[in-house]
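Q: Sequence:
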Amino acid sequence: MARQDRAGLRMSALMRAIQADLQRAWTVADMAAVLGVSSAQLRRLSAEALGATPRQLLCNLRLQAAAVLLHDPGIRVKEIQARVGIVDASHFCRDFRERFGFSPTEYRYQQSRARDSIDI
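Converting from the sequence shown to the numbering used here requires adding 18 to each position, the first position being numbered 1.
A portion of the hints provided could be inaccurate.
Label pairs and their calculated CB-CB ranges [as the list claims (entries may be wrong)]:
(1) P91 to A58: 42 to 50 Å
(2) G92 to E66: 39 to 47 Å
(3) L53 to A132: 21 to 29 Å
(4) G92 to G54: 38 to 46 Å
(5) E124 to G26: 19 to 27 Å
(6) Q129 to A31: 17 to 25 Å
(7) G26 to R73: 15 to 23 Å
(8) Q41 to R117: 33 to 41 Å
(9) R117 to A65: 32 to 40 Å
(10) R112 to T71: 30 to 38 Å
(11) R34 to T71: 17 to 25 Å
(12) T45 to G69: 18 to 26 Å
FYI, nobody ran anything at the bench for these hints, they're computed from the structure.
Heads up, the beta-carbon is just placed ideally off N, CA and C, and yes, glycines get one too.
Could you build the full structure based on these sequences and the hints that come with them?
A: Right, here's the structure in full:
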């Protein structure tokens, strides 16, 4: 098995662990411990397999989960922010807008409009 494939499998295992506990205040050391490697080795694996840092991976997973939760109009944006483990509301809005092109509220509105147009 190629080295990059092994790195990808290990990073997949880490991603599953993070997704199972998004609210946790993950550190790079915590993520490395999941894989049984040092923080430096985790950074190398992450760069090799994903082209991203462990922190970028964590942020991406949280934002993806938030986007999915925003499809449910019954969950307040603040609750979604808490569920995905993002403490600071301004960081959440800024990072979400950077990733998806809309604030969380705008994204929810766009999704509901798209859903309504399909129902017609």
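Q: Each hint: holds or not?
A: Hints, verified against the model:
{"no.": "1", "hint": "P91 to A58: 42 to 50 Å", "verdict": "44 Å, holds"}
{"no.": "2", "hint": "G92 to E66: 39 to 47 Å", "verdict": "41 Å, holds"}
{"no.": "3", "hint": "L53 to A132: 21 to 29 Å", "verdict": "38 Å, violated"}
{"no.": "4", "hint": "G92 to G54: 38 to 46 Å", "verdict": "40 Å, holds"}
{"no.": "5", "hint": "E124 to G26: 19 to 27 Å", "verdict": "34 Å, violated"}
{"no.": "6", "hint": "Q129 to A31: 17 to 25 Å", "verdict": "31 Å, violated"}
{"no.": "7", "hint": "G26 to R73: 15 to 23 Å", "verdict": "19 Å, holds"}
{"no.": "8", "hint": "Q41 to R117: 33 to 41 Å", "verdict": "19 Å, violated"}
{"no.": "9", "hint": "R117 to A65: 32 to 40 Å", "verdict": "20 Å, violated"}
{"no.": "10", "hint": "R112 to T71: 30 to 38 Å", "verdict": "18 Å, violated"}
{"no.": "11", "hint": "R34 to T71: 17 to 25 Å", "verdict": "19 Å, holds"}
{"no.": "12", "hint": "T45 to G69: 18 to 26 Å", "verdict": "21 Å, holds"}
Checked against the numbered hints above, the structure breaks hints 3, 5, 6, 8, 9 and 10 and satisfies the rest.
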